Structures are given as C-alpha cells and as structure tokens.
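Residue numbers (full-length UniProt numbering), protein chains in the order written: chain D, 1 to 266; chain L, 1 to 325.
It should be emphasised that the hints constitute simulated quantities derived from the structure, not laboratory data. No experiment lies behind these values; they were computed from the predicted model shown. Any given hint could be a false lead.
Stated by the list, open to error - Computed Cβ-Cβ distance ranges for the label pairs, DEER-style:
1) L/K119 x D/C231: 45 to 51 Å
2) L/L302 x D/R142: 52 to 58 Å
3) D/K73 x L/V286: 46 to 52 Å
4) L/M121 x D/R35: 51 to 57 Å
5) D/N59 x L/G134: 56 to 62 Å
6) L/A305 x D/Q34: 53 to 59 Å
7) L/V254 x D/K73: 50 to 56 Å
8) L/R299 x D/K42: 56 to 62 Å
9) L/E241 x D/P185: 21 to 27 Å
10) L/Q101 x D/E51: 54 to 60 Å
11) D/Q34 x L/R299: 36 to 42 Å
12) D/G138 x L/V254: 21 to 27 Å
Every residue gets a Cβ at the ideal spot worked out from N, C-alpha and C, and that includes glycine.
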Amino acid sequence: MQGSTRRMGIMTDVHRRFLQLLMTHGVLEEWDVQRLQKHCYKVHDRNATVEKLEDFINNINSVLESLYIEIKKGVTEDDGRPIYALVNLATTSISKMASDFAENELDLFRKALELIIDSETGFASSTNILNLVDQLKGKKMRKKEAEHVLQKFVQNKWLIEKEGEFTLHGRAILEMEQYIRETYPDAVKVCTICHSLLIQGQSCETCGIRMHLPCVAKYFQSNSEPRCPHCNDYWPHEIPEVFDPEKEREAGISKSNKRSLRSRQH
Amino acid sequence: MSEQSKDVCDPNFAAEACNSEVHSSPGVPGGPSLPASQAAIFPGPESPPVGPPDAPLASPAPQAPSEEGDPKALQQAAEEGRAHQAPSAAQPGPAPPAPAQLVQKAHELMWYVLVKDQKRMIIWFPDMVKDVIGSYKKWCRSILRRTSLILARVFGLHLRLTSLHTMEFSLVKALEPEELDRVALSNRMPMTGLLLMILSLIYVKGRGARESAVWNVLRILGLRPWKKHSTFGDVRKLITEEFVQQNYLKYQRVPHVEPPEYEFFWGSRASREITKMQIMEFLARVFKKDPQAWPSRYREALEEARALREANPTAHCPRNSVSED
Numbered sequence: 001m002q003g004s005t006r007r008m009g010i011m012t013d014v015h016r017r018f019l020q021l022l023m024t025h026g027v028l029e030e031w032d033v034q035r036l037q038k039h040c041y042k043v044h045d046r047n048a049t050v051e052k053l054e055d056f057i058n059n060i061n062s063v064l065e066s067l068y069i070e071i072k073k074g075v076t077e078d079d080g081r082p083i084y085a086l087v088n089l090a091t092t093s094i095s096k097m098a099s100d101f102a103e104n105e106l107d108l109f110r111k112a113l114e115l116i117i118d119s120e121t122g123f124a125s126s127t128n129i130l131n132l133v134d135q136l137k138g139k140k141m142r143k144k145e146a147e148h149v150l151q152k153f154v155q156n157k158w159l160i161e162k163e164g165e166f167t168l169h170g171r172a173i174l175e176m177e178q179y180i181r182e183t184y185p186d187a188v189k190v191c192t193i194c195h196s197l198l199i200q201g202q203s204c205e206t207c208g209i210r211m212h213l214p215c216v217a218k219y220f221q222s223n224s225e226p227r228c229p230h231c232n233d234y235w236p237h238e239i240p241e242v243f244d245p246e247k248e249r250e251a252g253i254s255k256s257n258k259r260s261l262r263s264r265q266h
Numbered sequence: 001m002s003e004q005s006k007d008v009c010d011p012n013f014a015a016e017a018c019n020s021e022v023h024s025s026p027g028v029p030g031g032p033s034l035p036a037s038q039a040a041i042f043p044g045p046e047s048p049p050v051g052p053p054d055a056p057l058a059s060p061a062p063q064a065p066s067e068e069g070d071p072k073a074l075q076q077a078a079e080e081g082r083a084h085q086a087p088s089a090a091q092p093g094p095a096p097p098a099p100a101q102l103v104q105k106a107h108e109l110m111w112y113v114l115v116k117d118q119k120r121m122i123i124w125f126p127d128m129v130k131d132v133i134g135s136y137k138k139w140c141r142s143i144l145r146r147t148s149l150i151l152a153r154v155f156g157l158h159l160r161l162t163s164l165h166t167m168e169f170s171l172v173k174a175l176e177p178e179e180l181d182r183v184a185l186s187n188r189m190p191m192t193g194l195l196l197m198i199l200s201l202i203y204v205k206g207r208g209a210r211e212s213a214v215w216n217v218l219r220i221l222g223l224r225p226w227k228k229h230s231t232f233g234d235v236r237k238l239i240t241e242e243f244v245q246q247n248y249l250k251y252q253r254v255p256h257v258e259p260p261e262y263e264f265f266w267g268s269r270a271s272r273e274i275t276k277m278q279i280m281e282f283l284a285r286v287f288k289k290d291p292q293a294w295p296s297r298y299r300e301a302l303e304e305a306r307a308l309r310e311a312n313p314t315a316h317c318p319r320n321s322v323s324e325d
C-alpha cells in the first residue's frame with residue numbers, strides 16, 4: 001500500500017471485507033451491519049477494539065469520497081428501521097439498475113415509480129401498473145411477464161409489495177432520492193420534519209403538510225395532544241412507536257433460532 | 001473439480017496492461033507517478049500468478065508468450081464490439097482526454113463491475129466497453145488498470161480476466177480465503193445452503209449428479225420441482241437456470257441416454273469460490289458426522305487445502321493485496 005498511503009491510510013482488511021460484504025448484500029439493517037462489522041474485526045484484527053459504527057463508517061466514507069460513492073444511512077418509511085447501503089453518488093439516474101434489467105423492465109419500473117410518486121398513499125396498485133404495459137419502451141411485454149418483473153423488483157429490494165400494491169423499498173429511496181427529486185420536482189412530496197423525500201407518511205388534513213411515520217413517532221413522542229407543527233390543528237392519525245433496536249433484537253433472536261434450524265437442514 | 005481446467009487463468013490483467021503500457025501506447029496520461037509505481041508493484045509476467053482460489057488452476061509456463069497477445073486481442077475485441085474499422089491501438093488519434101475524465105471513467109467502471117458482481121452477473125469485456133468505456137476505448141487499458149487498483153486497495157478485490165476465450169472478468173476476493181462469510185445474514189444462507197447441498201452431492205459422487213438424484217436429496221428438504229417454495233420460489237428454475245447462469249453449476253444432457261436426462265456438475269465459479277474443505281465441513285454439519293466419514297473425499301480436501309496453503313505462504317499474515325500480483 002505504499003503508493004498512496006496518504007489517501008488510503010486507514011483502509012485495512014477489516015474495512016475492505018466490510019465493504020465487500022456490504023456491497024454483496026446491497027442493503028442491510030443496522031443490526032446486521034453491526035454484526036458484519038464485528039465479523040470483519042474477528043476475521044482480520046481479533047484483538048482490536050471494535051470502533052463505534054458511526055465513526056467506522058465515516059472513516060470509510062472519507063476514503064470513498066474521491067470515488068463518488070458512499071455508505072449511506074437511511075430509515076425505512078414504514079417502521080423507522082435504520083438501513084445502510086453503498087450508493088453511487090455520481091449517477092443521478094436509475095441507470096444504476098440498468099445493468100440488471102432490460103430496457104422494457106427499466107421502463108416498467110419508471111412507470112411504477114411515477115404512479116407511486118403521484119399517488120396519495122405512496123402505493124400504486126398492481127392493476128394500475130400492469131395497465132401501462134402497452135406503453136413500455138423496448139420489447140413488448142405481456143402482463144403475465146410484467147407481474148414476474150415486479151416480483152423481481154421486490155426480490156431485489158427496489159419495491160415493496162403490500163396486499164397487491166407496490167411502494168418504494170428503503171433501498172430505492174436511499175439510492176434514487178436525488179434522481180427522483182430532479183425528475184419529478186413538482187410531484188415529489190417532502191417530509192416537514194426531516195426535509196427528505198417522502199413516499200409513505202401521514203398528512204395533516206387541514207393544511208396538507210406531510211411527515212414520515214418515524215418522524216411522526218419522534219416528533220410526537222410522549223405528547224398526549226399531538227398538533228400539526230404547521231397549522232396547529234389536532235393531528236388526527238395514530239402516532240406510531242419509535243423504533244427500538246433493543247426490542248427488535250429480542251424479537252430477532254427468537255426468529256433467528258427458527259432460521260438457523262432451517263439452514264441446518266439445507 | 002475437473003470441469004474448469006480448460007479455463008484460461010491469466011495473471012492479473014492489470015499486470016499485462018502495465019507492461020504493455022510502459023512499452024508502447026502514446027496518448028496514455030495516467031497520474032504522474034502511476035506507471036513507475038506500477039512497475040515496482042506488479043512483478044513481470046515471468047512470476048507465476050498468485051491468488052488463492054486460482055492457484056490450483058494456474059499454469060505459469062505457457063503464460064509468457066500469450067501475454068503479448070492478450071492486451072491486443074482485448075483491444076481488438078473492444079473495437080469489434082463497437083463495430084468500428086479502426087486498426088491497431090498504437091495509432092495516433094485525437095488528443096488524449098484529461099486525466100480527470102479517465103479517472104471518472106475508472107470510477108464508473110468500478111461501480112459497474114461491483115454492481116454486476118453483486119447481481120452475480122457475468123462481467124463481460126465487450127459489455128464493459130459498450131456500457132461504460134464508450135468512446136474512451138482507446139484508453140480502456142489505462143482505465144481498467146486504474147479500476148483494478150482501486151478495487152484492490154479499497155475493496156480488497158481483484159478484477160481478474162478469468163477467461164480470455166469468452167472475455168469474462170470476475171471479481172475475486174484478494175483477502176485471506178475465509179469460510180463462506182457465514183455471518184448468516186439470513187437471506188443469503190438459504191440460497192447458499194441449497195447450492196452447497198447440490199455441490200456436496202456432486203462432490204461425494206465424484207462425478208456428475210443426475211437430476212433425479214438431486215431431486216431425491218432436495219425432496220428430503222421438502223423441495224419439489226413442481227412446487228413453489230416460500231423462500232426459493234421456483235426451485236427448478238433456480239438450480240437449472242440461475243445457478244447455471246451464475247456459473248455455480250453446470251447442467252448438461254447425459255449423452256446417449258433416451259429419454260433425455262440431465263446431470264449437474266460444479267460450475268467454474270463454484271470451483272473458484274468454494275473449497276473442498278468447505279464442502280466437507282458442510283457435510284459434517286448437515287449429517288452430524290465427522291468429515292472423515294467420507295475418507296477419500298476428505299483426503300482430496302486435505303490435498304487441496306495443502307496446495308492452497310503452499311501457493312499462499314502469507315495466508316495468515318495481514319496481506320498487502322496489491323503486492324500479491
């Protein structure tokens with residue numbers, strides 16, 4: 001590593017393995033990222049103290065800066081889980097996905113994206129998306145095929161499906177926020193609290209401002225009379241719980257016991 | 001694991017690129033100190049290629065004569081891919097682009113390669129030229145070299161030309177060969193488990209596994225060819241198409257058998273990424289037996305492990321991934 005130690009001074013095999021694995025998994029929840037970090041330390045530098053995750057990631061990001069990539073942290077819109085992904089800052093279009101999907105598949109995604117952004121709830125129904133199949137660029141796609149492609153998007157964590165409706169996965173928001181804001185500047189919705197892109201959330205029925213569910217949870221935490229921060233009218237929606245990683249871990253342990261049984265059979 | 005002996009395993013392409021660059025190519029900018037430090041860091045083509053998964057496959061002796069041909073062949077392939085009539089690489093042409101633009105292209109290529117690998121898709125040289133390098137194809141060697149460097153230093157990955165014949169690259173871990181990162185980040189495990197099951201079956205048999213044998217084993221796990229599974233989906237498609245596309249398995253017709261039957265073999269990627277010892281450990285875990293319950297296979301696994309260790313004497317020291325080459 002003699003050549004450019006000044007730039008890459010802190011890049012050790014711990015960091016490299018971390019990056020490799022983060023890239024392999026695409027997007028990870030914070031709990032998995034912490035485990036991943038510990039694993040990398042265990043493999044390459046058993047005796048070192050595991051650095052605080054935030055600092056660890058900031059250190060890596062300082063190296064990645066010159067490459068226009070970044071480990072970005074986001075929060076899932078429905079339940080406020082922190083997620084991490086390695087994203088490319090340089091491309092502002094969805095050409096990121098371009099290597100995975102054919103032209104007509106990419107166009108299907110674009111159509112779904114538009115419907116999601118225009119919708120009131122942040123969800124686009126399967127029917128409405130499939131009805132646009134005739135307008136796709138590239139090779140003609142049948143509805144049956146389009147259903148399969150939509151499932152591919154879900155598996156690759158670009159979309160989430162709930163009861164026949166589709167919305168953006170946290171990963172897609174993380175990677176494409178810039179693109180979305182630039183491409184749909186008028187249709188895009190923004191959270192009043194954190195000012196980030198908003199796909200799913202709650203809105204004030206009087207003045208129309210919107211907030212992410214986790215932002216609502218934090219803002220109105222232990223507030224018995226929630227009121228709209230903008231017009232002060234009574235906030236009519238149920239206030240969700242703030243995401244608690246500890247509670248998650250306990251729930252996760254009982255889940256992973258079942259999981260490890262399954263993988264043993266494999 | 002005899003299937004992939006046909007694969008050409010070149011020394012790190014960047015090494016070749018470096019050598020030919022130092023000799024010829026006008027119009028190659030590069031950073032100020034880069035070519036010099038390259039020559040210092042990369043050994044010449046005489047030394048045998050060193051890389052953990054590739055060591056058993058490398059054949060140092062015949063490499064030297066073909067190396068001169070490789071960069072040119074790839075250059076030609078790039079130009080053919082663009083359907084241009086331009087002759088050789090050394091032709092003086094338009095002024096070279098600013099170093100910053102080449103650096104940017106190298107970054108784009110780095111990301112492109114990472115995403116392809118993430119999706120377990122083939123990294124095909126003509127695609128690289130078409131999708132990323134584009135009009136900078138004359139400088140593709142320089143771009144490739146820079147990309148390889150970045151990938152090695154930042155990610156600990158080698159961008160290796162794994163098959164000159166098909167012009168395929170792959171990203172190989174330059175870090176110490178580790179047990180499959182069994183961090184059990186759950187959504188990967190089932191796939192890997194399924195694949196390992198099939199690979200183990202093939203390995204234990206010592207030859208191809210007929211499709212019927214594979215389904216007998218999978219049936220124990222509750223997997224059937226006609227049933228959709230909650231985790232795997234269409235299992236048959238997964239193992240006969242997706243794993244094959246990713247080069248983890250080969251799915252071939254058994255010759256001279258009617259009605260037609262098919263059998264599975266290890267794919268080239270499985271041979272590169274998975275060691276026999278890992279298979280033995282997997283078998284031991286699944287069947288709750290000692291790996292020596294499969295004595296001849298265990299012996300083979302030991303042999304392979306020894307060969308790998310000999311090819312990598314520094315395996316247990318913190319490695320300078322760049323000097324590896």
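Tested hints:
1. L/K119 x D/C231: 45 to 51 Å: Given range 45 to 51 Å: holds, Cβ gap about 47 Å.
2. L/L302 x D/R142: 52 to 58 Å: The hinted range 52 to 58 Å holds for L/L302 and D/R142, with Cβ atoms some 53 Å apart.
3. D/K73 x L/V286: 46 to 52 Å: violated (37 Å)
4. L/M121 x D/R35: 51 to 57 Å: violated (27 Å)
5. D/N59 x L/G134: 56 to 62 Å: Roughly 34 Å apart at Cβ, these two residues miss the hinted range, so it is violated.
6. L/A305 x D/Q34: 53 to 59 Å: Hint violated: Cβ distance 32 Å, outside 53 to 59 Å.
7. L/V254 x D/K73: 50 to 56 Å: holds (51 Å)
8. L/R299 x D/K42: 56 to 62 Å: violated (30 Å)
9. L/E241 x D/P185: 21 to 27 Å: For L/E241 and D/P185 the Cβ distance comes to about 41 Å; the hint is violated.
10. L/Q101 x D/E51: 54 to 60 Å: Violated, since L/Q101 and D/E51 (Cβ atoms, about 36 Å apart) do not stay within the stated range.
11. D/Q34 x L/R299: 36 to 42 Å: Given about 40 Å between the Cβ atoms, the range holds.
12. D/G138 x L/V254: 21 to 27 Å: violated (38 Å)
Hint check: violations occur at hints 3, 4, 5, 6, 8, 9, 10, 12; the rest are consistent with the structure.
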